[in-house]
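Asker: Sequence:
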Amino acid sequence: MREVKEETAVRLRPETVTPFTVVHEAAHGYPEGTRVRLACFLAEGDGEPAEQGEIAELAWLGYAERVRCAPGVRLVMDQLHERGMLG
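For the sequence shown, my numbering begins at 16 and goes up steadily by one.
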């Protein structure tokens, strides 16, 4: 929750944070064989997202734009789409 606030200016509501999925995938932009583990959560938040900290750009992406994302994020978007949570 601290990272989300520091990097996007959105304050997550702690009582709404729930686990969504964990994906293991190739790390985008790293040597072959390097992998990432993404633990993903769902939550409600307050505030308008804004670039802060390490974030240089924010964009709202739908399922059709998933090709712009790293492989692990694509897997998360696939799961969101399958559950009707991402159009």
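What the hints contain is simulated information worked out from the structure, not anything from laboratory work. Backbone N, C-alpha and C fix where the C-beta goes; we use that ideal spot for every residue, glycine too. Watch out, some of these pointers could steer you wrong.
What follows is a list of derived Cβ distance ranges for each label pair [unchecked claim]:
hint: 1; residue 1: A71; residue 2: R26; range: 16 to 26 Å
hint: 2; residue 1: R26; residue 2: E47; range: 32 to 42 Å
hint: 3; residue 1: G77; residue 2: T36; range: 33 to 43 Å
hint: 4; residue 1: E21; residue 2: L57; range: 16 to 26 Å
hint: 5; residue 1: V82; residue 2: E30; range: 12 to 22 Å
hint: 6; residue 1: C55; residue 2: G102; range: 10 to 20 Å
Asker: For every hint, state whether the structure bears it out.
Answerer: Okay, the hints, checked on the actual structure:
no.	hint	result
1	A71 to R26: 16 to 26 Å	21 Å, holds
2	R26 to E47: 32 to 42 Å	39 Å, holds
3	G77 to T36: 33 to 43 Å	19 Å, violated
4	E21 to L57: 16 to 26 Å	20 Å, holds
5	V82 to E30: 12 to 22 Å	35 Å, violated
6	C55 to G102: 10 to 20 Å	18 Å, holds
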